[in-house]
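Q: What follows is the residue order along each chain.
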Amino acid sequence: MEFKLASVDSIIIYFGNEISENIALKVKKAYLCLRELNLEGIIEIIPSYTSILITYDIFEYDHKDIQEVLKNSINLDAKDTKAEKIVTIDVYYGSEVGLDLEDMAFKTKLSMEEIITIHSNKYYDVYAIGFLPGFAYLASVDERIAQPRLSSPRKKIPKGSIAIADTQTAVYPQDSPGGWNIIGRTTRELFDKKLDTLSPLSVGDKVKFNPITKNEFIKQGGIV
Amino acid sequence: MSFEVMNSPLFSTIQDKGRFSYTSIGVTNSGVMDEYSYFLANKMLENDKNSNIIEISFSNVILKSHVNTTIAITGAKCEFTINEISKKIWQTHHINAGDIIKVGKIFEGSRVYLGVKDGFNIKKEFGSNATTIKEKLGGISGDKLKKGDILPCKNASYKYKMRLKDKYVPDYKNELELRVILAYQDNHFQEEQVKKFFSSTYSVSNEFNRMGCKLSGESIACDINGIISEGICFGAIQIPSDGQPIILLKDRQTIGGYPKIGSVLSIDCFKLAQVKPNCKISFKPISIDEAQNKVKEFYASFNV
Chain A
1 MEFKLASVDS IIIYFGNEIS ENIALKVKKA YLCLRELNLE GIIEIIPSYT
51 SILITYDIFE YDHKDIQEVL KNSINLDAKD TKAEKIVTID VYYGSEVGLD
101 LEDMAFKTKL SMEEIITIHS NKYYDVYAIG FLPGFAYLAS VDERIAQPRL
151 SSPRKKIPKG SIAIADTQTA VYPQDSPGGW NIIGRTTREL FDKKLDTLSP
201 LSVGDKVKFN PITKNEFIKQ GGIV
Chain B
225 MSFEVMNSPL FSTIQDKGRF SYTSIGVTNS GVMDEYSYFL ANKMLENDKN
275 SNIIEISFSN VILKSHVNTT IAITGAKCEF TINEISKKIW QTHHINAGDI
325 IKVGKIFEGS RVYLGVKDGF NIKKEFGSNA TTIKEKLGGI SGDKLKKGDI
375 LPCKNASYKY KMRLKDKYVP DYKNELELRV ILAYQDNHFQ EEQVKKFFSS
425 TYSVSNEFNR MGCKLSGESI ACDINGIISE GICFGAIQIP SDGQPIILLK
475 DRQTIGGYPK IGSVLSIDCF KLAQVKPNCK ISFKPISIDE AQNKVKEFYA
525 SFNV
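From first to last, the protein sequence lines stand for chains A and B. In this text, residue positions in the first sequence follow the working numbering: the first is 1, and each later residue adds one. In this text, residue positions in the second sequence follow the working numbering: the first is 225, and each later residue adds one.
These are calculated hints, taken from the structure and not from any lab test. No experiment lies behind these values; they were computed from the predicted model shown. There may be inaccurate statements among the hints.
[Said to hold, decoys possible] Keeping only pairs whose Cα atoms sit at most 20 Å apart, straight-line, the calculated EDC-like set for lysine to aspartate or glutamate is:
1. B:Lys-518 <-> A:Asp-62
2. B:Lys-520 <-> A:Glu-44
3. A:Lys-4 <-> B:Glu-415
4. A:Lys-208 <-> A:Asp-90
5. A:Lys-214 <-> A:Glu-40
6. A:Lys-109 <-> A:Asp-142
7. B:Lys-518 <-> A:Asp-57
8. B:Lys-273 <-> A:Asp-62
9. B:Lys-358 <-> B:Glu-270
10. A:Lys-64 <-> B:Glu-349
11. B:Lys-520 <-> A:Glu-2
12. A:Lys-29 <-> A:Glu-60
13. A:Lys-194 <-> A:Asp-175
14. B:Lys-520 <-> A:Asp-57
15. A:Lys-194 <-> B:Asp-367
16. A:Lys-64 <-> B:Glu-514
17. B:Lys-378 <-> B:Glu-270
18. B:Lys-267 <-> B:Glu-521
19. B:Lys-288 <-> B:Glu-228
20. A:Lys-4 <-> B:Asp-513
21. A:Lys-4 <-> A:Asp-57
22. B:Lys-273 <-> A:Asp-57
23. B:Lys-360 <-> A:Asp-196
24. A:Lys-156 <-> A:Asp-100
25. B:Lys-520 <-> A:Glu-60
26. A:Lys-194 <-> B:Glu-349
[What the hints assert, rightly or not] Simulated coverage check for chain B against chain A, where a stretch passes if three residues somewhere in it have a Cβ under 8 Å from a Cβ of chain A:
27. 398-411
28. 453-460
29. 476-482
For each residue, glycine too, the CB sits at the ideal point set by N, CA and C.
Just chain A, same shape as in the assembly (with noise of 0.2 Å):
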């Protein structure tokens, strides 16, 4: 763990310095650490890939005292006890809504068909939410159906679709400019004001992806 400022009230801990699997854990363990602890003065937690950016109450800790508790409190040889949650999303993967699904099966030679089974066999890790709210950065996508960004973003993604940009995937929880590909669509509610948490998915969980059929999209409320 690197401790660095970030401003007059926040400090940020990197754990490493690339995307990877291994640091991801680290961030996972120290972020549940974090929240589970509810540290009194501690204000906001920013988990994201490689680091975290905490910010808090200058009354209750100065920059020295805040590294020193949060050293003391974050545990990454703690076993992770508590049951991983899984996030099961219904995808209807179709050239409909997938826009570049067509697209994609010409520049990766592989078929349609391929390209959803090999999208929606993995569990994905969530590594980081942000850009808009309730948007999950989750990786890695299999090597075979990472591409890149598209060269000029659209104006409008709708709202729910399923998204590769290299080897990470995303679902776009509100109408949204973008240069992601898009594969695919869902009715689920990203960002829900009804949900406590206004988001079902935090970091550190796991998401699968579940192909639906069109009609089992529409009987969902989603619309072609």
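Knowing the structure of chain A, use the given hints to seat chain B on it.
A: Leaving out everything else, chain B in the frame of chain A:
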């Protein structure tokens, strides 16, 4: 019992201190851009320190009162009238049912704060009334104020008339020095780049809103092009590949991949909130110890 919005042509929102503990899922803190004006308005009204307030960023906001109460008005120097009679700002005013409150032209500064005794009675969303339009959270249905909106508030007999001493009323000039804590990727900026950053004068561009403030001037080079996305705090100074600094403010995105040279002291960001495009900006380094003392002094002076 309420205030009714008769006119809100551009951008006024309900704000408070902000929404906390949801940044981990990408929900920004939001909250008032200028905490100095905000805390003083609530203090003059003897309100709870976190009471909500109207943040007005453009002229010609008109409210009609359906209640007898007291308001406080702080922030940018503006044309301010009650029933078309010109009134002073940085003080409280008694309001009767039927009164028309108007914030006309803004002369100096750029954000006016209008608070009411005991705040507006609006349901909080996820712990806050702060409006974040991107998330459609807070305020009145997650949006800026529109003509016809009703802002419920109660009848309040508040005997006192409070006015801020002149020496505490800020002067919004066309130049501002911001204190910076070197932080984050500062060691990826070579010494002469850091020197250039602190010795140059920048100007505020038109890309200035609640999310952030883009400056233009001497371009600063960083040894690295981008970083692995990480959490962004209030005041963080991003240096994108064009070398023009961007200071991230209340509605900032929560994570991002541009290198950051450091962060502007939070209490100086409140001053930045009141400047206009073309304002001259310079930076001065401050140590973390001194920075923490200054910020503590600031909040201690409001008992918050």
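Q: All the hints need checking, so say for each whether the structure fits it.
A: Now for the hints, and whether the structure bears them out:
| no. | hint | result |
| --- | --- | --- |
| 1 | B:Lys-518 <-> A:Asp-62 | 13 Å, holds |
| 2 | B:Lys-520 <-> A:Glu-44 | 18 Å, holds |
| 3 | A:Lys-4 <-> B:Glu-415 | 18 Å, holds |
| 4 | A:Lys-208 <-> A:Asp-90 | 9 Å, holds |
| 5 | A:Lys-214 <-> A:Glu-40 | 49 Å, violated |
| 6 | A:Lys-109 <-> A:Asp-142 | 14 Å, holds |
| 7 | B:Lys-518 <-> A:Asp-57 | 14 Å, holds |
| 8 | B:Lys-273 <-> A:Asp-62 | 23 Å, violated |
| 9 | B:Lys-358 <-> B:Glu-270 | 32 Å, violated |
| 10 | A:Lys-64 <-> B:Glu-349 | 34 Å, violated |
| 11 | B:Lys-520 <-> A:Glu-2 | 26 Å, violated |
| 12 | A:Lys-29 <-> A:Glu-60 | 24 Å, violated |
| 13 | A:Lys-194 <-> A:Asp-175 | 19 Å, holds |
| 14 | B:Lys-520 <-> A:Asp-57 | 10 Å, holds |
| 15 | A:Lys-194 <-> B:Asp-367 | 18 Å, holds |
| 16 | A:Lys-64 <-> B:Glu-514 | 13 Å, holds |
| 17 | B:Lys-378 <-> B:Glu-270 | 15 Å, holds |
| 18 | B:Lys-267 <-> B:Glu-521 | 16 Å, holds |
| 19 | B:Lys-288 <-> B:Glu-228 | 5 Å, holds |
| 20 | A:Lys-4 <-> B:Asp-513 | 15 Å, holds |
| 21 | A:Lys-4 <-> A:Asp-57 | 17 Å, holds |
| 22 | B:Lys-273 <-> A:Asp-57 | 16 Å, holds |
| 23 | B:Lys-360 <-> A:Asp-196 | 16 Å, holds |
| 24 | A:Lys-156 <-> A:Asp-100 | 14 Å, holds |
| 25 | B:Lys-520 <-> A:Glu-60 | 11 Å, holds |
| 26 | A:Lys-194 <-> B:Glu-349 | 11 Å, holds |
| 27 | 398-411 | holds (count 4) |
| 28 | 453-460 | holds (count 8) |
| 29 | 476-482 | holds (count 4) |
Violated hints, listed in ascending order, are 5, 8, 9, 10, 11, 12; each of the other numbered hints is respected by the structure.
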